[in-house]
Amino acid sequence: MRRTHRAKRKLVVPAVAAIALIAVACTSGSDSGSTSASGSAGGSGAPIELTMWHGYGDVIDNQGQTNYEAKSLTDLVNEFNDANPGIHVNLVYTAVNDHALEKLTVGMQGGQQPDIAYQYGTSIPQLSTAPSIMDLTDRVQDPSFKWDDFVQGARDAATFDGHVYGIPALIDNLAIVYNKDMFASAGIDPPTADWTWDDFRAAAQTLTDPSKQQWGWAFPTDATEDTVWHYDAMLWEAGGDILNADNTQAAFNSPAGVEALTALQQMAVTDKSVYLDQQNTGKTDQLFNSGNIGMLVTGPWALSAYPDVDYGVQVMPTFGNGPHTTIAGPDMWVMFDNGDGRADAAWQFMSWLTAAQQVKADSMEAGHLPTRTSVGQAPGFQEAFDKKFPGEGLFVQNLENVTKARPVLPTYDEISRIMGEAIVTVMLGQAEPQQALDDAATKVNAVLAGG
Amino acid sequence: MFVLPSVLLVALFSIFPVVWGFVLSLQKASLISPNRPFVGADNYTRIASDPVAVKAATNAVIYTFLFVPSSIILALFLAVALNQRIRLIRFYRLAVFIPVAVSTIATGVMFMWVFDANFGIANWTLGRVGLGPFGWFDSPSGAMPSLVIMTIWGWLGFDTIIYLAALQGVPHELAEAAAVDGATRWSTFRTITLPLLGPATLLLVVWSTISAVQLFDEVYFVTKGGPLGATSVPVFYIYKLAFTSSYGFSAAGYAAALAYALFVVILILTLVQFWMGNRVVHYSS
Chain R
3 MRRTHRAKRK LVVPAVAAIA LIAVACTSGS DSGSTSASGS AGGSGAPIEL
53 TMWHGYGDVI DNQGQTNYEA KSLTDLVNEF NDANPGIHVN LVYTAVNDHA
103 LEKLTVGMQG GQQPDIAYQY GTSIPQLSTA PSIMDLTDRV QDPSFKWDDF
153 VQGARDAATF DGHVYGIPAL IDNLAIVYNK DMFASAGIDP PTADWTWDDF
203 RAAAQTLTDP SKQQWGWAFP TDATEDTVWH YDAMLWEAGG DILNADNTQA
253 AFNSPAGVEA LTALQQMAVT DKSVYLDQQN TGKTDQLFNS GNIGMLVTGP
303 WALSAYPDVD YGVQVMPTFG NGPHTTIAGP DMWVMFDNGD GRADAAWQFM
353 SWLTAAQQVK ADSMEAGHLP TRTSVGQAPG FQEAFDKKFP GEGLFVQNLE
403 NVTKARPVLP TYDEISRIMG EAIVTVMLGQ AEPQQALDDA ATKVNAVLAG
453 G
Chain C
-10 MFVLPSVLLV ALFSIFPVVW GFVLSLQKAS LISPNRPFVG ADNYTRIASD
40 PVAVKAATNA VIYTFLFVPS SIILALFLAV ALNQRIRLIR FYRLAVFIPV
90 AVSTIATGVM FMWVFDANFG IANWTLGRVG LGPFGWFDSP SGAMPSLVIM
140 TIWGWLGFDT IIYLAALQGV PHELAEAAAV DGATRWSTFR TITLPLLGPA
190 TLLLVVWSTI SAVQLFDEVY FVTKGGPLGA TSVPVFYIYK LAFTSSYGFS
240 AAGYAAALAY ALFVVILILT LVQFWMGNRV VHYSS
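Protein sequence lines, in the order shown, are assigned to chains R and C.
Numbering follows our numbering, with no gaps: position 189 of the first sequence is 191.
Numbering follows our numbering, with no gaps: position 131 of the second sequence is 120.
Hints were generated in silico from the structure; no laboratory data involved.
Fair warning: there could be bad hints in the mix.
Below, computed lysine to any residue pairings styled on SDA-like, alpha-carbon distance capped at 25 Å [to be verified]: (1) R:Lys406 x R:Asp151; (2) R:Lys274 x C:Pro129; (3) C:Lys17 x R:Gly109; (4) R:Lys214 x C:Asn107; (5) R:Lys274 x C:Trp102; (6) C:Lys213 x R:Leu289; (7) C:Lys44 x R:Leu450; (8) R:Lys445 x C:Val224; (9) R:Lys214 x C:Leu115; (10) C:Lys213 x R:Glu104; (11) R:Lys214 x C:Asn112; (12) R:Lys214 x C:Ala106; (13) C:Lys17 x R:Pro133; (14) C:Lys213 x R:His101; (15) R:Lys274 x C:Phe123; (16) R:Lys445 x C:Ala37; (17) C:Lys17 x R:Ser134; (18) R:Lys214 x C:Val118; (19) R:Lys445 x C:Val41; (20) C:Lys17 x R:Thr131; (21) C:Lys44 x R:Asp440.
For clarity, every value in this text was computed on a predicted model and none was experimentally measured.
So here's chain R without its partners, still in its complex pose:
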């Protein structure tokens, strides 16, 4: 679930960006169009035009900085277009990822869906009902595609009711990112792999100093999925689950759920050591980068937002002897069949884009964790990756701690909203954990019962 820290700055530019990207894509395509067409998708004549929507932003952002996530994708698309004269992929930046599903929904109303779109994995069950979505179940079984090479959690998230609807585009996970200098000046030891949440709480309290606008930790309290997935990891660490095994009942109001939420309550309400980011439009990242926040629980995408901080990365704290369970938010490339042979062309492109060689190139250019196990486990990869992107190596290792996934259900967004409201109610000091979770469980059960 890659949330962009650049969300705020980009609000004004998407339309311009889209036009610019189309223009760039069209210009670069005209070169390859003149060479004789021999791509597998078509004979002579105009190439098959494909449209691909993404949320990485512009290659050069509006502050003049190179956006390596967008650049990596653009470079790969150009490489494909040059090598395959029969197909031309147009890359369009539509919206930040939090709004990707809305954009696609609106696009589908006018029959203007792209051939390929970047979507959160949690949207797969809803998108599976779209009439033109491509069911990729048979295609991914092609041995040359090596479907089983993708990380398990990502494959699970791409699959709904036994059908595959997405190809993993990005995986991540949550870990502690901390400011080394703030720990040193507070005279406390930096986080270790043996940390419990009690250690985390104590450190957060020591690092907090209201007179200096300084907090130990920050938490997104906008009651969105961003709130919920931070809590999910803690819930799983405490031994709890979101729903029961067959997804018919809420399970988060268990003692484990209460333990996890109580830990949040103690830090947010009792200690006031947490910066509560209500709007969640990037302020947390800015405050961490300016040395006002000591620790974050965040993902690999965020590291590039902290150029001014000497930071360290450590796995999640545990509850006592429990596991270091973290959460992964796999994002997906979802494909639509728009007729005229475009589906096969789109598949040809996607199987190239998500092959091991391109996955590795994207990781080294953009700092994305490799979606394929063979890439992440290749000798020397983690060292080289961590050298280029300090801290990322731990996130690659931390993929081992991704042992659970959020339920794959069409009603997931509604469940997430209900849980998010409960978590925030407690963190704002307006309810007790058990009561808030019980109320939420009642509502979730009604949703699951089809109410």
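The hints should help you fit chain C onto chain R, whose structure is shown.
Relative to the frame of chain R, chain C by itself:
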């Protein structure tokens, strides 16, 4: 023949959506799936028993009662102040009107800075005189008043210009005659100017009420309905229902029904306001 293109455009962009929206309001529909069974009036009967809709309606009422009177009274005060013959009057008038021309998003960004609970200039300034700190947009009790302050700032210039135009239409002879008869400035204003501003006031009340009930941009951008639903208003809830699935996967039909209900409410409100207005407003001097 010349009006045909316009007629077609109106039909395409106004009438078609209106009809389609009504059909949608009778269905259990998501905007993604083509499977949209008809459910009759279910979407309409559901509204009254939906706590989120009731909360959104309550928030709209609170917002309207805070926003409409305060913005109109402030605008009247400003218009009178700007109706003087003083130096730099054009500059002052421009300064009051500029916020109207500023986009909502820019206004939102600015107020998010000003009202930042930890780093904002509002808390800093109030802290100097021993007040606060306030949570502003971050506090469940403070978010709605903060929203009211922000939108008044954004719309005050519009109301002021309307009043200013109306004030300049008040005949001087009436005020002079009253002065000759020994009336004070206050009683002249109360008994002559104010009644003559009646039509402008009616316009502003109707206009502001409609805008207040349809509040969306500021909520969408700044508070996103939060914290904890404190600023969730009807149009924002309709948007959430139709374009996200956080209130149910197949809620677009229900969203359409709510939109129709909102239309009826606004229609009734406006008719009542005109009916009441016509009993107290004098249109000729």
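Do the hints match the structure? See the list:
no.	hint	verdict
1	R:Lys406 x R:Asp151	holds, 18 Å
2	R:Lys274 x C:Pro129	holds, 17 Å
3	C:Lys17 x R:Gly109	holds, 20 Å
4	R:Lys214 x C:Asn107	holds, 11 Å
5	R:Lys274 x C:Trp102	holds, 22 Å
6	C:Lys213 x R:Leu289	holds, 21 Å
7	C:Lys44 x R:Leu450	holds, 23 Å
8	R:Lys445 x C:Val224	holds, 23 Å
9	R:Lys214 x C:Leu115	holds, 18 Å
10	C:Lys213 x R:Glu104	holds, 15 Å
11	R:Lys214 x C:Asn112	holds, 15 Å
12	R:Lys214 x C:Ala106	holds, 14 Å
13	C:Lys17 x R:Pro133	holds, 17 Å
14	C:Lys213 x R:His101	holds, 13 Å
15	R:Lys274 x C:Phe123	holds, 16 Å
16	R:Lys445 x C:Ala37	holds, 18 Å
17	C:Lys17 x R:Ser134	holds, 20 Å
18	R:Lys214 x C:Val118	holds, 20 Å
19	R:Lys445 x C:Val41	holds, 13 Å
20	C:Lys17 x R:Thr131	holds, 14 Å
21	C:Lys44 x R:Asp440	holds, 21 Å
In this structure, every one of the numbered hints holds.
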